[in-house]
Structures are given as structure tokens and as C-alpha cells.
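Residue numbers (my numbering), protein chains in the order written: chain Y, 196 to 563; chain R, 19 to 358.
Quick caveat, the hints were computed from the structure, so don't treat them as lab data. Some clues are possibly wrong.
As the list claims (entries may be wrong) - Some but not every residue of chain R turned toward chain Y, in silico, with C-beta under 7 Å:
#  : residue
1  : F189
2  : T221
3  : V225
4  : M226
5  : L253
6  : E258
7  : T277
8  : T278
9  : I293
10 : A295
11 : P297
12 : N298
13 : I299
14 : V306
15 : I309
Just so you know, even glycine gets a beta-carbon here, dropped at the ideal spot from N, CA and C.
One-letter residues, chain by chain:
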Amino acid sequence: MDETRTSATLQGDVALEKEKVKSGSIGRKELRNASVSGKDLYDIRGLEVFFPVRQSFFKAMVSTEKHWVRAVDGVSFTIGAGEILALVGESGCGKTTTGRTLLGLEAQTGGQIIYKGLEVGRFTPGAIRDYRRHCQIIFQDPYNAINPKHTIFDIVAEPLVVNHLTSNEREKEERVIRALEEAGLRPARDYLYRYPHELSGGQRQRVCIAGAIVLEPDMIVADEPVASLDVSIRNDILKLMVQHKKELGVTYLFITHDLSLAWVISDRIAVMYLGKIVEIGETEEVVANPQHPYTKALISVIPVPDPTTKRERTILTGETPNPAAIPTGCRFHPRCPEVMDICSEQSPVDVQIRGTHYAACLRLNGHS
Amino acid sequence: MSTVKTDAGPAAEAADKGQRIEHDGILDVRDLKTYFKLRDGDVKAVDGVSFMVGQGKSLGLAGESGCGKTTAALAILKLLPENGRIVSGEILFDGKNLAKRTEYGMSKVRWKDISIIFQGAMNALNPVQPVGKQIAEPIVIHEGISENKAMVRARELFDLVGINPKRVTEFPHEMSGGMRQRAMIAMALACNPKLIIGDEPTTALDVMVQAQILELIERLRHELNLSFILISHDLSVMAETCDTGVIMYAGKVVEAGTTTNIFNNAQHPYTRQLIRAFPNIHETREMVSSIAGDPPNLLNPPPGCRFYPRCSEGDPSCIEHDQDMVEVESGHFVRCQKVA
Numbered sequence: 196m197d198e199t200r201t202s203a204t205l206q207g208d209v210a211l212e213k214e215k216v217k218s219g220s221i222g223r224k225e226l227r228n229a230s231v232s233g234k235d236l237y238d239i240r241g242l243e244v245f246f247p248v249r250q251s252f253f254k255a256m257v258s259t260e261k262h263w264v265r266a267v268d269g270v271s272f273t274i275g276a277g278e279i280l281a282l283v284g285e286s287g288c289g290k291t292t293t294g295r296t297l298l299g300l301e302a303q304t305g306g307q308i309i310y311k312g313l314e315v316g317r318f319t320p321g322a323i324r325d326y327r328r329h330c331q332i333i334f335q336d337p338y339n340a341i342n343p344k345h346t347i348f349d350i351v352a353e354p355l356v357v358n359h360l361t362s363n364e365r366e367k368e369e370r371v372i373r374a375l376e377e378a379g380l381r382p383a384r385d386y387l388y389r390y391p392h393e394l395s396g397g398q399r400q401r402v403c404i405a406g407a408i409v410l411e412p413d414m415i416v417a418d419e420p421v422a423s424l425d426v427s428i429r430n431d432i433l434k435l436m437v438q439h440k441k442e443l444g445v446t447y448l449f450i451t452h453d454l455s456l457a458w459v460i461s462d463r464i465a466v467m468y469l470g471k472i473v474e475i476g477e478t479e480e481v482v483a484n485p486q487h488p489y490t491k492a493l494i495s496v497i498p499v500p501d502p503t504t505k506r507e508r509t510i511l512t513g514e515t516p517n518p519a520a521i522p523t524g525c526r527f528h529p530r531c532p533e534v535m536d537i538c539s540e541q542s543p544v545d546v547q548i549r550g551t552h553y554a555a556c557l558r559l560n561g562h563s
Numbered sequence: 019m020s021t022v023k024t025d026a027g028p029a030a031e032a033a034d035k036g037q038r039i040e041h042d043g044i045l046d047v048r049d050l051k052t053y054f055k056l057r058d059g060d061v062k063a064v065d066g067v068s069f070m071v072g073q074g075k076s077l078g079l080a081g082e083s084g085c086g087k088t089t090a091a092l093a094i095l096k097l098l099p100e101n102g103r104i105v106s107g108e109i110l111f112d113g114k115n116l117a118k119r120t121e122y123g124m125s126k127v128r129w130k131d132i133s134i135i136f137q138g139a140m141n142a143l144n145p146v147q148p149v150g151k152q153i154a155e156p157i158v159i160h161e162g163i164s165e166n167k168a169m170v171r172a173r174e175l176f177d178l179v180g181i182n183p184k185r186v187t188e189f190p191h192e193m194s195g196g197m198r199q200r201a202m203i204a205m206a207l208a209c210n211p212k213l214i215i216g217d218e219p220t221t222a223l224d225v226m227v228q229a230q231i232l233e234l235i236e237r238l239r240h241e242l243n244l245s246f247i248l249i250s251h252d253l254s255v256m257a258e259t260c261d262t263g264v265i266m267y268a269g270k271v272v273e274a275g276t277t278t279n280i281f282n283n284a285q286h287p288y289t290r291q292l293i294r295a296f297p298n299i300h301e302t303r304e305m306v307s308s309i310a311g312d313p314p315n316l317l318n319p320p321p322g323c324r325f326y327p328r329c330s331e332g333d334p335s336c337i338e339h340d341q342d343m344v345e346v347e348s349g350h351f352v353r354c355q356k357v358a
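The shape of chain Y in the complex, shown without the other chains:
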């Protein structure tokens, strides 16, 4: 992370670097020639994703005020090439929306997503199609993510067909087999003509992973990929992700609500709360030395398989508030165990703790 970025890490001082980014639309050719400059594959600056709140016809006529669900409300972070970045938070914090927006599955309402130095928002439709080939997604529920009427071969080959990447059947089969083996389904030929219902949950998730890596993507957004799996299978899938990162150089955005899983495999952790990143840094540093009260609470409630460790648990009351009615000041203040008077009035800014470790809390801003 260079000097200009350090002042801008979490809240995203967009103007600062805007001139460096190319203006005008970006075509397929430019995307093809783009390469990772420095070590960041992605640079997300002040990303905003708002959804309009549906109003009754009468209300919409009477008032001009429009209401928004601020699902992602100005987040900035980078994703290094070949790293696993974990995005952690409770349900409703915007972590899934962030991941989906990176792939262009949701429209961003503000901010920039910069992929290999090119702004995704400026891509021509053709470039968007090509771009989607480079970043893939794995969903939480492998039971619903694949078509039950297709064979495993068809499921994994479909991305190749849709993108016109293979011209002959033999090459298609080779690539499918390679993807299945990389996803840990060995020997792959045994699986080719089976149907999803013949596979276990873990095997289905491997099929989803094969469908993602068959395109040889740069990045995979893994949205709670192990939440519905049994513990032993869960660990196999996590291992597979680490293996892909090492052997294929795949970058992962690992979206999870379980900080302990993030701790096991990720290089960096970003903790999200109500549309904002409250803390980000190297995994071991964040877990050993959490600065934001929310991160501290999340770490304190992780159950550990050892009944003799008795520790202080900070159980927050309530649940994530409605993102359509965000609290004033620091958005965490209604649930914060360390809340001060000023927290309801002033928004915190990011403070560098050490190296790439940043947190946004008024206590770190010198208030007490």
C-alpha cells in the first residue's frame, strides 16, 4: 500500500487519486492487455450500493423524499493478487452485497471498483462479459446453486460454452476434467455423467468450485461457501481454497460470518458493520490485537473447543439495525459496550494502528 492510499484506506478519499484512473469507456482490448500493477488486483474506493425503499404510490406522490437502504455505504479496500481477503460481519452488514457488486451482479450507486487499474464502471458491455470470466462466485448453498437436471459435465462445461472458449469437444472435456480434479473430485471421469442428486453436499460444493475455476479466473468471491457443510467437509473445502491460492494463484474474497474460519485461512480480515468496514488488517494482527469494540466483541463470542478456558465474553444486545435507518454518528454506538457521549454525534475516521491495520473508532481518534 503506497503513501496516498494510507490516508484513504477505509473511508475512501476518492478525489485524491481520481485523475490516475482512465476516463471514458473501456473496451475488451484494453481489458485483455491490462495487468496487475503493484500487488493489488482490486482497489475499491468509496463503494456505495443503495437500494431504493419501496413506497406506497400515495407516499411517493406526496413526498419528494426518497428512502434508501444503504447496504454498502462507502467502503474502500484493496485485494492483493493471490491473497485471501476475508470479509466478516453479521447478516445484513453488506458483506454479500459488496461481493456481488464486485462481480457486477448488483449495480453500484457510487464509488469506484478498480480492477487491474481499470474502472469496472466504465466497461463496455463486451468488456463486462469478458470481465465476468475473470471473476467467479461460489454460493453458500450447493443444493440450490446447480441445475439438478444437468450432468456434472454439463454444469462444469457450461461456462466454457457460454463464453465460446472451446471449439472442439475433446478440449472441452479435457478442461472439465482438469477443473474437476483441481476441485478434488478424483478420478474426474467417474463424476462426469452423474447428476447432482447422486452427490453429497461436499461433492456438490466441489462441483460449484470446479464450475468457477474452469474459466481460470483471477478472483473467486466465495460467499459463505462452507456454512451449510458438515465440519469435516468444511475443512476440506477450506484447504482446497488455500491450495488454489498457492498453486493456481487464485485470489479469494472469502465472505463469512464466522471469524474463526476467516482466521484459519485468510491473509487479511476486513470487519464490516452496517455498510462500513470498521477494521481491516493482517489476520493475525487483527485477531491478536483488535482495536474496534465490534471486532473485540466478535472475537470474544467465538466458541472454543475447550471447556477449561473461561474468558470474558462481550455479548452485544440486539441485532444489526435496519440499514434504512442508520444511527447518527458512529453507526455502532447503540450497541457499543464502550460508547461515549460523542459517539452519537461524530463519525469516526480511520486510524492506522500498525502497518496495514486500520480501525475506525472515536476512541482511537483521541476522544475518551
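Using the hints provided, position chain R relative to the given structure of chain Y.
Same frame as chain Y, now just chain R:
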């Protein structure tokens, strides 16, 4: 203290005559066998399981999916699906053998004496009825009071589990996941049961909400002197909430004892591997390990030790020997011939 019985005494005859059977604790399950009938034969989902829950204690029942933990719980309440049946064994609760009870007899026990919290609160609640009304229903049935009086009790229960009593008129879809799970707990408490079974009560929830729910169960358990069975695949949750634990594998108990016995002195290779599969954030960071292979098909369980095909410590003699539970220290039982 809950202990596990290694041998089951045939004390069933007395039950038929309505006499009280003496047993330890509040619930004493002895050599329970529950099979499911399929076209190809019987699936031995629970195959000789014994455990005991002490008065006011909590017991954790853990294992991978398909190990029979949920089937054991459903058998206690006799809520098994049509093709499931209790083949043998005793379920002694409060001096009665539930295994021998008729459907009518069970309807007096369910909810009044033993209630259950299901995993998916969204699916367990009726979407077209206000939550409060659903809580009042068992009170009306079991205590024979008017619906208005039952609604008053439903409001009290909402307060007890930390939901605003005004929300009794709301429908399940108006509540968040954590709130619905709280409502399920309120429903389980409706008739002041002696024993509550929690079947993966926190599995679908966020870590923070999970901590809230587990704390709530813990608090209520002490306030109301309840006994509790926690069914979970998550050993960490069991380590934090239970007094005693039972680890199941392929329809059999492989290890049982206090949670300290199990987590700090695990003897069975399966228990040890399972514990290692959970990350401990307070120790050094390492990749969690997984157990190679899949659990056996219970239509045809492997001979001898059922864990042998996946065990890294076994030798061929494990196939020949059908090991019984052995007490390795006071109250700590293990089913492994290497330990015995």
C-alpha cells in the same frame, strides 16, 4: 452427575403395569435402537445408545451429520417419521418408560414434560398464525385454561426470553432469525417442562446471535432448574454450554463423560480428530484438520469398530472385535479396543 450406562437392565416389565421404575437422573436412555425401514432393509440410525441426563444438568449430543443424534432426540419424543421405529431399549423419564407409551400417552408428555427447540425457526413456526397464538396453543391444550389467559402467559414468556411482549401479535415473517429462535424457546417453555431438547438451536444463526441464544438458554436453565439436551454438530458450542457430553458416530456412542473429560482427555481417535477439526482462536493458528473418508452407510454398517475404515490408529483386529464401552476414569467411557 450424568453418566453413561454400558449395560442396560431389562426393567421394562414394571412400566406396563404403571409402576414407577427407579432410574438415575431425569432421563435415562438405555440401549436404545431406532431403525428406519427402507426398501433395501433397515437403516440402523441409532444402534444401542445409552445416556443419562441429571436433574438440572445439560447434556451435549454431538457428531457429524447422519450419526443418529437427531434420531435419538426424536425417538425420545416418539416423533419419528412413519418408517422409523424404536426396535428395543428403554427411555426412562420420570419413572416411566416412554418407549412403551402409546401415542395418546405421549401426547400427555410432549410439551408438558419434554419440549423441543427445532433448528430452523422459520420452518418450525406456522407462517399464517401470530407467534403469540402459537405459544398459547399448547398452554390451552395442556392446562385447560382459556385462550385469553394463555395469551397473558405468552406475554410473560416473551418478556422472559427478551422480546417485547407487545410483539405477541406479530407473524413469524415480521421477526428476525434470532427473534424467531427466541420465540421458539418461549414456546418450548410454555408448559413449564422438566426437560428441553435443543436440536441444533443456533446452527442457522450468526455468531453474535448464537451467543445471545446460548446465554439465554443457560440463564433460563439455572433460573427454572431445567434439564437440557443440546444436539449440535459444533463441538465448540457443546464445550461451552454442557456439563456432560456424548460423542456419537454411525449410530453408536463412542465416547461419553464430562465435557472436561471429553475435551481435555479425549481417548477415542474419532473424538480427538473431531476436536482438532474446530479452530481454537486462542491458540496458535494452524490449518484445521479434516477426517478422511465418509461415515459408513448404516444400511450395512462395517463389522467391528464402525470408525475403523477412517481411523488412523486402528489395526485389522478392530474389524473382528465389537468393543463395548469401557470406563477409563470415573464417569468417562470410551468405545475403543486400543484404550481398553
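A quick look at each hint next to the structure:
Because the beta carbon of F189 of chain R sits about 18 Å from the nearest beta carbon in chain Y, more than 7 Å, this interface hint is broken. At its closest, the beta carbon of T221 of chain R sits 9 Å from a beta carbon of chain Y; the interface hint therefore is violated under the 7 Å criterion. The criterion of a C-beta within 7 Å of any C-beta in chain Y is met by V225 of chain R, whose closest approach is roughly 6 Å, and the hint holds. Residue-level restraint check for M226 of chain R holds (minimum Cβ-Cβ distance to chain Y is 6 Å; threshold 7 Å).
Contact between L253 of chain R and chain Y, as hinted, is supported at the beta carbon level, the nearest pair being about 5 Å apart and thus within 7 Å. Satisfaction of the interface hint for E258 of chain R is found here, the shortest Cβ-Cβ separation to chain Y being roughly 5 Å, below the 7 Å cut-off. With a cut of 7 Å, the hint placing T277 of chain R at the interface with chain Y holds, because the nearest CB-to-CB distance is about 4 Å. Given hint, T278 of chain R at the interface with chain Y, holds; its Cβ is 5 Å from that chain's nearest Cβ, closer than 7 Å.
Hint status for I293 of chain R: holds, given a least beta-carbon distance of 5 Å to chain Y, under 7 Å. Among the interface hints, the one on A295 of chain R holds; its C-beta lies about 5 Å from the nearest C-beta in chain Y, closer than the 7 Å criterion. Nearest Cβ of chain Y to the Cβ of P297 of chain R: about 5 Å, under the 7 Å cut. The hint holds. Interface hint at N298 of chain R: satisfied, since its Cβ lies 5 Å from the closest Cβ of chain Y, which is below the 7 Å cut-off.
Against a cut-off of 7 Å between C-beta atoms, the interface hint on I299 of chain R holds, since the closest Cβ of chain Y lies about 5 Å away. Satisfaction of the interface hint for V306 of chain R is found here, the shortest Cβ-Cβ separation to chain Y being roughly 5 Å, below the 7 Å cut-off. Given hint, I309 of chain R at the interface with chain Y, holds; its Cβ is 5 Å from that chain's nearest Cβ, closer than 7 Å.
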